[in-house]
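2 protein chains.
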Amino acid sequence: MEFSVTLPGWAQDEIQKLPHLETIEDRMRAVIRFSQLNIEHDTGGPFAAGVFEEESGKLISMGVNRVVPMSCSSAHAEVVALSLAQKSLKSFDLGSVDMPEHQLVVNWRPCAMCYGATVWSGIRALVIAGSDGQLEEITGFDEGPIHPKWKEELIARGISIQDDVLKDEACEVFRLFRDSGKLVYNGRQG
Amino acid sequence: MEFSVTLPGWAQDEIQKLPHLETIEDRMRAVIRFSQLNIEHDTGGPFAAGVFEEESGKLISMGVNRVVPMSCSSAHAEVVALSLAQKSLKSFDLGSVDMPEHQLVVNWRPCAMCYGATVWSGIRALVIAGSDGQLEEITGFDEGPIHPKWKEELIARGISIQDDVLKDEACEVFRLFRDSGKLVYNGRQG
Numbered sequence: 051m052e053f054s055v056t057l058p059g060w061a062q063d064e065i066q067k068l069p070h071l072e073t074i075e076d077r078m079r080a081v082i083r084f085s086q087l088n089i090e091h092d093t094g095g096p097f098a099a100g101v102f103e104e105e106s107g108k109l110i111s112m113g114v115n116r117v118v119p120m121s122c123s124s125a126h127a128e129v130v131a132l133s134l135a136q137k138s139l140k141s142f143d144l145g146s147v148d149m150p151e152h153q154l155v156v157n158w159r160p161c162a163m164c165y166g167a168t169v170w171s172g173i174r175a176l177v178i179a180g181s182d183g184q185l186e187e188i189t190g191f192d193e194g195p196i197h198p199k200w201k202e203e204l205i206a207r208g209i210s211i212q213d214d215v216l217k218d219e220a221c222e223v224f225r226l227f228r229d230s231g232k233l234v235y236n237g238r239q240g
Numbered sequence: 051m052e053f054s055v056t057l058p059g060w061a062q063d064e065i066q067k068l069p070h071l072e073t074i075e076d077r078m079r080a081v082i083r084f085s086q087l088n089i090e091h092d093t094g095g096p097f098a099a100g101v102f103e104e105e106s107g108k109l110i111s112m113g114v115n116r117v118v119p120m121s122c123s124s125a126h127a128e129v130v131a132l133s134l135a136q137k138s139l140k141s142f143d144l145g146s147v148d149m150p151e152h153q154l155v156v157n158w159r160p161c162a163m164c165y166g167a168t169v170w171s172g173i174r175a176l177v178i179a180g181s182d183g184q185l186e187e188i189t190g191f192d193e194g195p196i197h198p199k200w201k202e203e204l205i206a207r208g209i210s211i212q213d214d215v216l217k218d219e220a221c222e223v224f225r226l227f228r229d230s231g232k233l234v235y236n237g238r239q240g
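Residue numbers (this note's numbering), protein chains in the order written: chain A, 51 to 240; chain B, 51 to 240.
Incorrect hints may appear among the rest.
Stated by the list, open to error - Incomplete in silico selection of chain B near chain A, CB under 7 Å: (1) Met51; (2) Leu68; (3) Leu71; (4) Thr73; (5) Ala167; (6) Glu193; (7) Ile205.
Just so you know, these hints were derived from the structure itself, not from any lab. Please read all numbers here as calculations on a predicted model, not as lab measurements. The C-beta atom is built at its ideal place from N, Cα and C for all residues, glycine as well.
Chain A with its partners taken away, still in its complex shape:
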């Protein structure tokens, strides 16, 4: 009658140790580092996401992919980060008028589900490390049947997009993941 998604223990420690993340690159570098730690600790797929106050850079939440450890196919990094931020701020809407504007920083473009989750979350800005075919080519992960004009659709709903932020560093982690031989857990194994 209840499901929970938790961050791994190492993530709790690492979040405490994070310095103030001033620039977009600082924030993305931290997110990419969490994506790498998540595979090194074998606590999920190679994906991480952070919710920040856009202007101040204050970190509201950090999420990592928890699909396999939590037996929950919706526990993508974005959904985890957004849900933790909403819990922390006690609001289902990170874009409400009484709040500073929030930004979601992710180590790759959203999948077909996280695209919709981004719309509903109320965030105002999406920062991604890349959006071309490299993730799927390197790792074999499937991004799913997303809207063919997903960038335009997000922008039309008032969500700005900044792409190609530290793309090479993000892809380096995907190569580490590929070389580790860990599970690529795309839907419907059967």
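Based on these hints, arrange chain B on the given structure of chain A.
Frame of chain A; chain B shown alone:
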């Protein structure tokens, strides 16, 4: 460092009392009843979803919309039902080869997020009460920028779709919701 989504107390009682749901219509009727109970108890939006073993009709989980009470924009009925089913079956993949085929029954078509969540969940069949503009027209809820050919995309991934099952009954609950004056919580209120 953790977020949880719980079913309301009344749902736990009602699930215990459910008879065996043999036909598609039996299953949809139960789902529509849960959507109505969710607004009557003021425990979320007018949406419910059930995961069933397709052939036997065994109920694996029932979910209702919990966005506002849980401060979680991803807590749509489908995500709640799928996550509870995956927890119950200890698998992120409801379509794995060692399981009977699973079916998701929902009182309307998926939104832009739940469409993707459906793909990742591993379910084999989607049964919906309707998919035209009536929900949005009656209630003002926004389904979001879903893929323009979402039905074809789901079918291409091996998920069968049965539409227009007890549509009038489903719409009747949407009218009750509209007339109740409760919050329509679309993303980005600000």
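Results for each hint:
1. Met51: holds, 5 Å
2. Leu68: Since the shortest Cβ distance to chain A is 14 Å, the answer is violated.
3. Leu71: violated, 19 Å
4. Thr73: violated, 26 Å
5. Ala167: At about 5 Å, which falls below the 7 Å cut-off, the nearest Cβ of chain A leaves the hint on Ala167 of chain B intact, so it holds.
6. Glu193: With a minimum Cβ separation of about 9 Å from chain A (threshold 7 Å), the hint on Glu193 of chain B is violated.
7. Ile205: Since chain A brings no Cβ nearer than about 11 Å to Ile205 of chain B, farther than 7 Å, the hint is violated.
Of the numbered hints given earlier, the model fails hints 2, 3, 4, 6 and 7; all others are met.
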